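Two chains, two frames, a set of hints: combine them into the complex.
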Amino acid sequence: MKNVYINSVGSISAQKTFDNTEFLNEITEYNDNVIFAVNPVYKDYIPPAAARRMAKGIKMGIVTSKIALKEANINQVDAIITGTGMGCVRDSEKFVSAIIDNDEQYLTPTPFIQSTHNTVGGQIALELNCKGYNFTYVHSSISFESAVMDALLQLQLDEAKHILVGGVDELGDHTTKIHKIINHIKPEAITPTNLLKSKTEGAVFGEGANFFVLSNEKSNTSYAEIVSVKTYNTLKQEALKQQAIAFLKEHDLSTNDLDLLILGNNGDVNFDAYYHTLSETFSKTPQAYYKHLSGEFNTASSFGFWLASKVIKTQSLPEIVRLNGLQTSQYKTVLLYNQYRGENHSFTLLRQC
Amino acid sequence: MGKGVAITGMGIISAIGNNVAENYQSLINAQKGISRVKKINTNHVNDIMVGEIAFTNTEMEQQLQLPKTNNYSRTALLGALAAKEAFKNARIKDVNQYKTGLISATSVGGMDMTEKYFYDYLENPETQKYIEGHHAGDSTQKIAEQLGIKESLVTTISTACSSAANAIMLGARLIKAGKLDRVVVGGSDCLSKFTINGFKTLMILSDTYSTPFDDNRKGLNLGEAAAFLVLESDKVVEAENKPVLAYVKGYGNANDAFHQTASSDHGDGATLAMEQALKVAGYAPSDIDYINAHGTATGNNDLSEGRAIIRVFGNHVPDFSSTKAYTGHTLAAAGAIEAVYSVLALQNNIIYPNLNFKTQMKEFNITPQLTLKEKELKTVLSNSLGFGGNCSTVIFSKEQ
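Protein chains in written order, with our numbering: chain L, 1 to 353; chain A, 1001 to 1400.
Hints listed in this document are in silico derivations from the structure and should not be mistaken for laboratory results.
Misleading hints may appear alongside valid ones.
[Said to hold, decoys possible] Lysine to any residue pairs mimicking SDA-like chemistry, simulated, CA-CA at most 25 angstroms apart:
1. L:Lys180 - A:Asn1071
2. L:Lys249 - A:Asp1181
3. A:Lys1398 - A:Asp1214
4. L:Lys180 - A:Pro1125
5. L:Lys236 - A:Pro1125
6. L:Lys313 - L:Gln327
7. L:Lys2 - A:Pro1125
8. L:Lys2 - L:Lys161
9. A:Lys1039 - L:Tyr106
10. A:Lys1039 - A:Lys1068
11. A:Lys1218 - A:Val1237
12. A:Lys1099 - L:Phe247
[Claimed, not checked] Label pairs and their computed distance ranges (CB to CB):
13. L:Val38 - A:Asn1241: 54 to 64 angstroms
14. A:Arg1091 - L:Thr328: 33 to 43 angstroms
15. L:Pro48 - A:Ala1021: 49 to 59 angstroms
16. A:Lys1362 - L:Tyr106: 32 to 42 angstroms
17. L:Phe23 - A:Pro1243: 32 to 42 angstroms
[Stated by the list, open to error] What the simulated footprint calls covered on chain L by chain A, stretch by stretch (three residues with Cβ under 8 angstroms from a Cβ of chain A suffice, anywhere in the stretch; the number is not a length):
18. 210-217
19. 256-270
If you're wondering where the values come from, they're calculated on a predicted model, not measured in any experiment.
Beta carbons are placed, not taken as given, at the ideal position from N, Cα and C, and that holds for glycine.
Bound-form chain A, shown alone (with noise of 0.2 angstroms):
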């Protein structure tokens, strides 16, 4: 125990950039990648706005080779991308000379081909395909099969929206065991008509960008993504000679117990959490820089990880943004493309500004950061909060 996890490689694919240089550009500059739905046929386009990749599901297969006959869903096509451009950043030749493992997260799964064929099934063997790629654990079977990982540790992990946050808690402590030298941690999710029904019924989608952290915060826009990082033991950083983008140093996972979908009025999981990460990283509260919020946009959210940010910082509050304005809130693989970008934050000594931010919430008086800031940071504390009362906190630092 007491060792450190290294992360030697990232990927990500999302609505502002299909690598990790095309998000930093987006972030610094303040492009959001918000927009009216193309891909999806609903009768809710001119209801809300979402975070849409740009690339079609041919385009991808194109990209990662695939036969015709594949049965990829859009989370796995996206899935492969990230963790493929991961593992190129971690400058992995040969998976097998360390053990490796796969830890992803998806709450969608291939529910974007079953509510596409869902009677189709019944009728028309071109699209039974897709059957098997229905639940949640095949598009991180096939993200295992394109990384090359056979005969080892490969899982996925669905809290709603805490699900990558907790993949890459997972990763961490299977490292610090001892139990695997290498692991790719993250999360896809792609939008479905199932999520845009879902979240419209819970009357917490905004029909304009959303805005995190405003007194007139409207809801969320959904935003589709994956992202995947490479983390590695103190053995391997060593043996190859690794350089180190940043180390999970904390992390801590809670539940609310208190809604099925909406959070405590005082953040209690949330607290729990970002207190629980400070302990495992043994750090104090004054020792964070940088928060990089869960901040959905919805009344409930903000209102709750605001109050829990201020019980468990006091009076000194760090900075603190949320990025969810730039990508749509990607689900699943939320907590991974905010491991992407806290890595980048530490890296660049970067913070990114809180988009749309005009009017003070009322509730209390700490106000997200909203111009691009430059600052020394040593480390970043990430939150990710989701239905079933999941709470979870990653803390990300740039030394061991």
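Extracted from the complex, chain L is given alone in its bound form (with noise of 0.2 angstroms):
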């Protein structure tokens, strides 16, 4: 079985995290309860016409492969596997809403293309013109999860030698207003630092799209190994603990053996616990969390691989993103828990390469 590295990054979040050569340098305030994308200049990587007709999530889907293709300095992939928990939402908002507001009359195909889940992987292939295989995972917060198994499988098996891998998400303000009337999202604004002191239920929601070159050759270009990915349909919070144990055994390592633990809390009240579980069972391994950054959505857990991957690659944590105040002069194994709302767990292990 050969070895899998991520040898690329492209990341749009609610953080100007677009430019490669910088890491969350600058933090972008807020004081909400749904957070957008920073956005990079569109028409740089896109003609304006054609960027006009694009839902946002096919922008910055495209916009992050490409940043992750130049900086793997390759042109075509065997393979695009994206990861998406609701697709270009607002398209699939616009077409129904138009269906009920015109009754079913004077209707356009345009939103209900760009409302097929598959469309900003199918968008990517034609941009790049790649005949190659193409998936999307529409499973809740291991969509993007999925995508990386996926692609793991197929390069441990030397099926294939760069996969362009990734996770997006928009927001969409129908969406958005019927998932703060069941306490989905928090009733209250929330800063930065003060997301984990909140009281309340609900998380602070937020969009983005992380896309990588995953090869299972390395290049100078690369930043860390990706051991392993697993996830979990149900888990119950008793038994997490012991999962996380068997899942680091699996690979021969134990609690002791992590420089980093990656959690995905998001401030609810009702599920950070499984977070909190974690923290215990490594309270002597560095700790550190992103939701505060990124927002929560169905691929949020893809820009937490990306702050590993950056951490490995620069072998700096930054101040920000730390949960507990524990140090480490190296980041060499570092593993990634998330979970959505007590569902779809899933742990995936990175080592420096």
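See the structure below:
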């Protein structure tokens, strides 16, 4: 079996992350319960006429893909695998509301086409003229991890050399509105530094795209090696510690071998207990979190994956993401854990290469 | 690697039957399930024909013994019924005995409820339980719960009309790689105003019965359905002495990279997918006995797919037919529906007639199988082609 490397990254998030020469140098502050992506100049990457017709999810996906391909110094990949919880949700909203408001008349196809979940993956294939394998995973908070798992399977078995893998989700007004009603979004405005002090249910919703070139050949642009990713549809809080230990053991590691634990805490009082369990399990390990910077969305964990990649490559952990006061001299072995509302859990294990 | 991927159970619900046996009876009796839409209140009722399942949501909730407070979309209800039949057919008693995963496919997800309660959500607390059921992974989570699959690999694929074929492909790869011992694969999609109006804007819905591969074809009939297959490793089959229905022998996935919704004129993606599937199976084109075509009856699909078939099979195109005229195009579920039909074809040595065909297409001289044909079948190739250029092929075989 071949080793698999993260050879490049491309990120658009609620922080200014599209410039790969920076690493959270300046933080975009907010005081809100819904945060939007910091946009690059899209026309630097996509012809303006085409960009105007594209949904934001498509634009974010194409631009981060292009950033990742450029950094990896390649023009083509063998496969494109996308994770998205909701796809281009604004177009879905637009099409449903048009059906209702206009009583099924005067409809145009564009929002319907763009609402198809695989539209981002399809558009990237069109943009790159990539006729290879093309999958889209749409399973809530493990959409991105499913894509990584699929890529790992192909790269380890040498069925492909370079695979573009990413997670993308956009915010939609109506979706935001209804998720506020059912308390999936926090009632109060939050600033990045007080997210985990919040005593309410729900999360701060966000959006973004994070694409990566994964390869089974190490290069001078490599960030880290992906050792493993594992997902669980359900997991009881009582079983989490044991599963984490079992997952590490599969790779001959124990709790003492981790240099960093990156957790998906989103400040929801009803569900952050899962993360607290792991914080206790790894109480001697430096820990980090990121959803105060990215917001919560189905593929927010792809931002966590970006963060882990940057930490390992730069061997530095920005102050703003530290979850505990523990320091370490090196970031060699990093474990990520994420879940959303107590379901769809994932472990991702990365190693310095 | 090189391990077998056995199909040991299957379940289906479609417009031509509520289980595998009923579907087979309709197929061999040339009974289509296409009618005017009854359960969806749409202005297009007289402009379109659909493959609708007779059960109401309430009837299915009762069959599944769900509490009144449930928030199952119709996609989840159909999926749960079909997956449970597959589990029963595979004689699975203890789900935890082997590492069991679930890979489902859907394009509609919970859209049926979202379009019904879109504005109601803002005012009516009773409808708000369905908000969480909108995203595509929700129906899969519910199917896993119905099957008792816990702490395991459960995920959802959405690549438009090729989704379920891709679920089968991923499941087969996971078994081959030894990541799972058993995996339930398939897909579910219900009818919705969203898809009816979406395909209407694309002007590819027929106002009458769809006529795959006919020169005068007018477009597709939408359908709703769910189907699941149980795939098991050699290890499980041996240990449990399981009867094997058929094997997943080959698979291929490629992207047409031509247009967001249309297929390329010469079916580049479909050609690549079929070639790759043959390669994985270790077959020559002449090893294929029957092609269950995607055959949606749109002008674009049938031309592009037909040309791709000729590119792969040359002057020796095997018997082929589309079963879309029976069920309608069931979108993300289609690949699983047609996988069940492919396995039934192998088991019974039967090729289904391509219904409603009258006029030979001008662009080529291949003609689908028009009558029920009995023939010893060893292999069936099934195509699924979708929006976003997604093209998939799965090959089923009688022998490992």
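Quick rundown of the hints versus the structure:
| no. | hint | result |
| --- | --- | --- |
| 1 | L:Lys180 - A:Asn1071 | 19 angstroms, holds |
| 2 | L:Lys249 - A:Asp1181 | 21 angstroms, holds |
| 3 | A:Lys1398 - A:Asp1214 | 31 angstroms, violated |
| 4 | L:Lys180 - A:Pro1125 | 13 angstroms, holds |
| 5 | L:Lys236 - A:Pro1125 | 29 angstroms, violated |
| 6 | L:Lys313 - L:Gln327 | 17 angstroms, holds |
| 7 | L:Lys2 - A:Pro1125 | 52 angstroms, violated |
| 8 | L:Lys2 - L:Lys161 | 10 angstroms, holds |
| 9 | A:Lys1039 - L:Tyr106 | 23 angstroms, holds |
| 10 | A:Lys1039 - A:Lys1068 | 20 angstroms, holds |
| 11 | A:Lys1218 - A:Val1237 | 45 angstroms, violated |
| 12 | A:Lys1099 - L:Phe247 | 15 angstroms, holds |
| 13 | L:Val38 - A:Asn1241: 54 to 64 angstroms | 60 angstroms, holds |
| 14 | A:Arg1091 - L:Thr328: 33 to 43 angstroms | 52 angstroms, violated |
| 15 | L:Pro48 - A:Ala1021: 49 to 59 angstroms | 58 angstroms, holds |
| 16 | A:Lys1362 - L:Tyr106: 32 to 42 angstroms | 35 angstroms, holds |
| 17 | L:Phe23 - A:Pro1243: 32 to 42 angstroms | 58 angstroms, violated |
| 18 | 210-217 | violated (count 0) |
| 19 | 256-270 | violated (count 0) |
The structure fails to meet hints 3, 5, 7, 11, 14, 17, 18, 19 from the earlier list, while all remaining hints are met.
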